[in-house]
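Chemist: If you're matching them up, the sequences are chains G and W in order.
Under this note's numbering, think of the first position of the first sequence as 3, with each following residue one higher.
Under this note's numbering, think of the first position of the second sequence as 3, with each following residue one higher.
Be a bit skeptical, because a hint or two may be false.
Treat identical chains as interchangeable: a pair holds within one or across any two.
Derived BS3-like pairs (lysine-lysine); straight-line CA-CA distance at most 25 angstroms [as the list claims (entries may be wrong)]:
(1) Lys288 with Lys240
(2) Lys356 with Lys103
(3) Lys63 with Lys365
(4) Lys384 with Lys347
These are calculated hints, taken from the structure and not from any lab test.
2 protein chains.
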Amino acid sequence: MSALPNALVAQSGGPTTVINSSACGVIQAAVRSGKIGKIFGANHGILGVLREELFDITAEKPETIEALKQTPAAAIGSCRYKLKTLDKSRADYERIIEVLKAHSIRYFFYAGGNDSMDTADKVNHLAADSGYELTCMGIPKTIDNDLAFTDHCPGYGSVAKYVATCAMEAGRDTEAIYTTDTCTILEVMGRNAGWIAAAAGLASRSPEDAPHLIYLPEVPFTFEKFVRDVKEVVADFKRVFIVAGEGLKDAAGKYVTVDTGSFNRDSFGHVQLGGVAEMLKAVIEKEVGIKARFNKLGTNQRCAMHFASLTDVNEAYLCGQKAFEYALAGENGKMVTLIRNKGSKYNCSAGLAKLSDVANGEKKVPPEYINDRGNHITQALKDYVQPLAQGQAPITIGPDGLPVFMRFEKKFLAKKLADYE
Amino acid sequence: MSALPNALVAQSGGPTTVINSSACGVIQAAVRSGKIGKIFGANHGILGVLREELFDITAEKPETIEALKQTPAAAIGSCRYKLKTLDKSRADYERIIEVLKAHSIRYFFYAGGNDSMDTADKVNHLAADSGYELTCMGIPKTIDNDLAFTDHCPGYGSVAKYVATCAMEAGRDTEAIYTTDTCTILEVMGRNAGWIAAAAGLASRSPEDAPHLIYLPEVPFTFEKFVRDVKEVVADFKRVFIVAGEGLKDAAGKYVTVDTGSFNRDSFGHVQLGGVAEMLKAVIEKEVGIKARFNKLGTNQRCAMHFASLTDVNEAYLCGQKAFEYALAGENGKMVTLIRNKGSKYNCSAGLAKLSDVANGEKKVPPEYINDRGNHITQALKDYVQPLAQGQAPITIGPDGLPVFMRFEKKFLAKKLADYE
Chain G
3 MSALPNALVA QSGGPTTVIN SSACGVIQAA VRSGKIGKIF GANHGILGVL REELFDITAE
63 KPETIEALKQ TPAAAIGSCR YKLKTLDKSR ADYERIIEVL KAHSIRYFFY AGGNDSMDTA
123 DKVNHLAADS GYELTCMGIP KTIDNDLAFT DHCPGYGSVA KYVATCAMEA GRDTEAIYTT
183 DTCTILEVMG RNAGWIAAAA GLASRSPEDA PHLIYLPEVP FTFEKFVRDV KEVVADFKRV
243 FIVAGEGLKD AAGKYVTVDT GSFNRDSFGH VQLGGVAEML KAVIEKEVGI KARFNKLGTN
303 QRCAMHFASL TDVNEAYLCG QKAFEYALAG ENGKMVTLIR NKGSKYNCSA GLAKLSDVAN
363 GEKKVPPEYI NDRGNHITQA LKDYVQPLAQ GQAPITIGPD GLPVFMRFEK KFLAKKLADY
423 E
Chain W
3 MSALPNALVA QSGGPTTVIN SSACGVIQAA VRSGKIGKIF GANHGILGVL REELFDITAE
63 KPETIEALKQ TPAAAIGSCR YKLKTLDKSR ADYERIIEVL KAHSIRYFFY AGGNDSMDTA
123 DKVNHLAADS GYELTCMGIP KTIDNDLAFT DHCPGYGSVA KYVATCAMEA GRDTEAIYTT
183 DTCTILEVMG RNAGWIAAAA GLASRSPEDA PHLIYLPEVP FTFEKFVRDV KEVVADFKRV
243 FIVAGEGLKD AAGKYVTVDT GSFNRDSFGH VQLGGVAEML KAVIEKEVGI KARFNKLGTN
303 QRCAMHFASL TDVNEAYLCG QKAFEYALAG ENGKMVTLIR NKGSKYNCSA GLAKLSDVAN
363 GEKKVPPEYI NDRGNHITQA LKDYVQPLAQ GQAPITIGPD GLPVFMRFEK KFLAKKLADY
423 E
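Please work from the sequences and hints to get the whole structure.
Modeler: Below, the structure written as structure tokens:
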């Protein structure tokens, strides 16, 4: 038993509805294989590795592990700690290798976006350089859907389904009460890529349906055009429902609004955005002269387990499972990708891409998915997104009528190394 | 056939997830009775009556009417137009009677909150005074749950279920990523009564669960206590999840924050609130020194058909059905109420209250439902709310993976009267 290698699973960045499904896929595949000693979880991502805060997932109940598929956010714990280049953060990278060695970890599975793939890639190279046998595999995870080399990212299908449904529902609300509340703005996430805002466009099956206007970070935003667009829709439908991505930028690439608070950058150096909807509301009330209100789903859009896409949950699980299976088969330094197979019926297989390639890529919404006027989506976008939002993932409802989520007991391993800060 | 009286159904105020279920109850009961000629809908509530914009619901397809139970917001159309006293708005009231007469309407069913019950009551008296035989029945509707003389209001159970689930889900998000995003504030509706904020408390099954703190308009808000509360929770759990009602007031009864924009009052004279969450976020970042973010569900909380309470949908239908049946049996000037029957298994029957009584009542969250420290709820509140949030209302999913809602064709009646402004 003690001869078997151990595995480590870590989660990184903003939580999603299905990142736990990927963890479940890795863990259950590893247990089934019989080739792994213990599976550890890194408490709050790479921070947990640096701090040697590891817990034994193999000691958790099988039903707890199974319930990962019904639990949103990041049950192992996530963080936004960003490692820099090998030069600048060398101590951190060396500490990671040291912790992995101390606990005989030979497999490192890291679910995250491109920053995390970069970290996994660097850890992998440093391990190889130092002669420590290690397999590093990445699992795609981001609601932003901006990773290259994969058809789409686990997490996106669920946020697409939820945000489109919210647009549809709040759109009916505006339609019902437009005689006073004429405009509703739905602000959605998406720092640089407008995939989430675009997905809300699934709600408009006919021109009168919400959303009437969709603004993406990919299209330079101008107030003049915006006001014209709004006036035109109001003339046609007596109301207007707008979806705006939080990261709208002007032609110079400057964010249209930036939270200037003291906490306006996350630890990855990303600017924290806020206030796009408030700003658009003010512009509409002043320039168009109609009452506007806004809904900001915030983190609720990325953890809406109660309405998750079954396709998304299944694909997230597949990515985790395949990450393990590929690793066992000898692959290393790769991220699992989703490949959309040809054919009339939607179907995805798992593929692989180099961590270093993924780390440096970014996939924005391409021009053919955006209408000519730059204020809505095309049928091609719908054809791309619709299959990802299909099916209702099962949830368990408690006697109080609400969903039941799992929580790990997190039995931490005794530390073998000195503290590290 | 032409001898049979006609009926009018109107919807008022902010939409809810289940106000259409009540309309369905009235309409189907009226059709079944065989005692009603035509059933008309008032396009956008009392405005539709004043403007003589009535459409023939009896001409709509039966499946469209049935699908009301799966459609949020207000399919007949709502508005916020408020009639004042008989003295001040006499012309409006007389116009209403005139329109009802012109279309041989003998039954008027009005779904709304206490302002609407007041309107229905005044129309009823004026009709009686002018010798026009009319039956006016009210149907309770408000997510705010603040109507007196009824155990609870249709619309509340669904918003309770949704908001509690959102708190539970976003709470897991904060728990996953608290090392950077330490605080999340969920702002919910509730101008004067904190029923919605209180319902979010269902999510906290254990002390570590969100929400850790709940602030209701019923408890005078002070920043000093708020900051102390937040620091204490962060010391215990390293994170804090806060639910705040939009209508928080200080000890003098002044709103803690008021949107001072030009559209800051609705047509009922209510102050339009906004910014409680933004304000709390700023206070926390400055005074506690942790990063905070906020989610503002806005209108999405009152139309979340995709996760509606089956109990709520059924009770809303019952209220509509009973409004018709009571009217046919000779009741007049009453609102249907819900009476919680004694016994270990939850069960409600329909009752009646005078429109004039309901118009002047307001039910706030009572002290026994709020904890001693004024920052959370008690078990008694949970016992009250839990049964209302039970069950998943059926929805129909289209080939695109999203819910399918109905929309009336709205074949408008030829106008018989002069225009009215």
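Chemist: Run every hint past the structure and note whether it holds.
Modeler: Comparing the hints with the structure gives:
no. : hint               : verdict
1   : Lys288 with Lys240 : within (17 angstroms within a copy, 42 angstroms between copies)
2   : Lys356 with Lys103 : within (24 angstroms within a copy, 76 angstroms between copies)
3   : Lys63 with Lys365  : neither (39 angstroms within a copy, 46 angstroms between copies)
4   : Lys384 with Lys347 : within (15 angstroms within a copy, 46 angstroms between copies)
This entry does not satisfy hint 3, going by the numbered hints stated previously; all others are met.
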